[in-house]
Amino acid sequence: MTDLQREAQRQQLLLRTLWRDAPAEALHGWLRQPRPGSAALGLAAYRANAGAIAERALASAFPTVAALVGDDSFAALARDFWQQHPPLRGDLGEWGGALPGFIAASATLASEPYLADSARLDWLVHLASRAADDREDAPALDALATHAPDALRLTLRPGCAVLASAWPVASLWQAHQQQGGDRFDAVRAAFAAGHSEYAFVRRDGYAVRVDALAPDAAAFTRTVIDGAPLAAALDAAGKTFAFDHWLVQALQQRWLVGVQPLHPTPSP
Numbered sequence: 001m002t003d004l005q006r007e008a009q010r011q012q013l014l015l016r017t018l019w020r021d022a023p024a025e026a027l028h029g030w031l032r033q034p035r036p037g038s039a040a041l042g043l044a045a046y047r048a049n050a051g052a053i054a055e056r057a058l059a060s061a062f063p064t065v066a067a068l069v070g071d072d073s074f075a076a077l078a079r080d081f082w083q084q085h086p087p088l089r090g091d092l093g094e095w096g097g098a099l100p101g102f103i104a105a106s107a108t109l110a111s112e113p114y115l116a117d118s119a120r121l122d123w124l125v126h127l128a129s130r131a132a133d134d135r136e137d138a139p140a141l142d143a144l145a146t147h148a149p150d151a152l153r154l155t156l157r158p159g160c161a162v163l164a165s166a167w168p169v170a171s172l173w174q175a176h177q178q179q180g181g182d183r184f185d186a187v188r189a190a191f192a193a194g195h196s197e198y199a200f201v202r203r204d205g206y207a208v209r210v211d212a213l214a215p216d217a218a219a220f221t222r223t224v225i226d227g228a229p230l231a232a233a234l235d236a237a238g239k240t241f242a243f244d245h246w247l248v249q250a251l252q253q254r255w256l257v258g259v260q261p262l263h264p265t266p267s268p
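Under the working numbering, the first residue of the sequence shown carries the number 1, and numbering increases by one thereafter.
By construction, these hints were calculated from the structure, which means they are not laboratory data.
A few of these clues could be false.
[Unchecked claim] So the derived label-pair ranges between C-beta atoms look like this: (1) Phe191 - Ala148: 39 to 47 Å; (2) Ser106 - Ser60: 19 to 27 Å; (3) Ala140 - Ala67: 38 to 46 Å; (4) Leu92 - Asp185: 16 to 24 Å; (5) Ala231 - Glu112: 25 to 33 Å; (6) Ala148 - Ala105: 41 to 49 Å; (7) Ala145 - Ala186: 38 to 46 Å.
[Said to hold, decoys possible] For lysine to any residue, the following SDA-like pairs were computed, each having C-alpha atoms within a straight-line distance of at most 25 Å: (8) Lys239 - Ala175; (9) Lys239 - Pro215; (10) Lys239 - Ala218; (11) Lys239 - Asp150; (12) Lys239 - Ala166; (13) Lys239 - Ala164; (14) Lys239 - Ile225; (15) Lys239 - Gln249; (16) Lys239 - Asp216; (17) Lys239 - Val259; (18) Lys239 - Gly227; (19) Lys239 - Ser165; (20) Lys239 - Pro229; (21) Lys239 - Ala214; (22) Lys239 - Val208; (23) Lys239 - Ala228; (24) Lys239 - Ala192; (25) Lys239 - Asp142; (26) Lys239 - Gly181; (27) Lys239 - Leu156.
Idealized CB from N, CA, C, for every residue including glycine.
Please put together the full structure from these sequences, using the hints given.
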């Protein structure tokens, strides 16, 4: 067994004992210089602090949800989620992807139907913040002039994602990034009018941005993210879609990182 495999197994065993799926004594062979009773004492401390740990981890990944429900309600939500969906890895930054579904299934939160989509958007932002850095220079566009759309694929920066929501969740997220007493006025108006939104998540350097896209631009962008050829993305966007406008934005805001032929021309 490699050191990496051993550490993964040790973490899994620790999580099982935390949730009482295994006895504290099961850790004895995995602890460094254990003292009598040390495993049980350590697990008791972990269990006592589990709720606080869960709350901090989820509040970091879901700040909009935490702000919407308030400190006390979010603390209770985090503890319930921790009990029913405990982390499977030691890195708590990877834990929380099931929270949107957990919220959607909660009878307690049924009166806030937009909350699950707000959680989905928070999670996409969290994933984008952890995405790998990519090139900053502008991509070569020569292939756009030399290849048909069905022979090209566009590549967007890691972390890009599109979320379709029946609620104005992009505007809601943006309002929570701003200051000022009137920052929620436009959001309230959007909710009152029943506006839906397509939220586009993207990296901008080390920051993460969220924009609301028009339906045709959202369909195009989502199809590109899925890895389909340019022609398929254009078909998904429809005849009213202005690809040239999208391309200018993508270059200016640096979310487009590549234009590649599907079948590179062989060298002579």
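So, going through the hints one by one against the coordinates:
1. Phe191 - Ala148: 39 to 47 Å: Because 44 Å falls inside the window, the suggested range holds.
2. Ser106 - Ser60: 19 to 27 Å: holds (21 Å)
3. Ala140 - Ala67: 38 to 46 Å: Holds: the Cβ-Cβ distance is about 42 Å, inside 38 to 46 Å.
4. Leu92 - Asp185: 16 to 24 Å: Violated, at about 36 Å.
5. Ala231 - Glu112: 25 to 33 Å: For Glu112 against Ala231, whose Cβ atoms are near 41 Å apart, the range 25 to 33 Å is violated.
6. Ala148 - Ala105: 41 to 49 Å: At 46 Å between Cβs, range holds.
7. Ala145 - Ala186: 38 to 46 Å: holds (41 Å)
8. Lys239 - Ala175: With Cα atoms ~32 Å apart, Lys239 and Ala175 exceed 25 Å; violated.
9. Lys239 - Pro215: holds (12 Å)
10. Lys239 - Ala218: Status holds; Cα separation ~14 Å.
11. Lys239 - Asp150: Judged against 25 Å, a Cα distance of about 16 Å means the pair holds.
12. Lys239 - Ala166: Holds: Lys239 and Ala166 sit about 24 Å apart, inside 25 Å.
13. Lys239 - Ala164: Status holds; Cα separation ~20 Å.
14. Lys239 - Ile225: holds (20 Å)
15. Lys239 - Gln249: Holds, at about 19 Å.
16. Lys239 - Asp216: holds (9 Å)
17. Lys239 - Val259: Judged against 25 Å, a Cα distance of about 22 Å means the pair holds.
18. Lys239 - Gly227: holds (21 Å)
19. Lys239 - Ser165: This hinted pair holds, its Cα atoms lying about 23 Å apart.
20. Lys239 - Pro229: Given pair Lys239, Pro229 holds - Cα atoms ~17 Å apart, limit 25 Å.
21. Lys239 - Ala214: holds (14 Å)
22. Lys239 - Val208: violated (30 Å)
23. Lys239 - Ala228: The hint holds at about 18 Å.
24. Lys239 - Ala192: violated (31 Å)
25. Lys239 - Asp142: holds (24 Å)
26. Lys239 - Gly181: violated (41 Å)
27. Lys239 - Leu156: holds (22 Å)
Checked against the numbered hints given earlier, the structure breaks hints 4, 5, 8, 22, 24 and 26 and satisfies all the rest.
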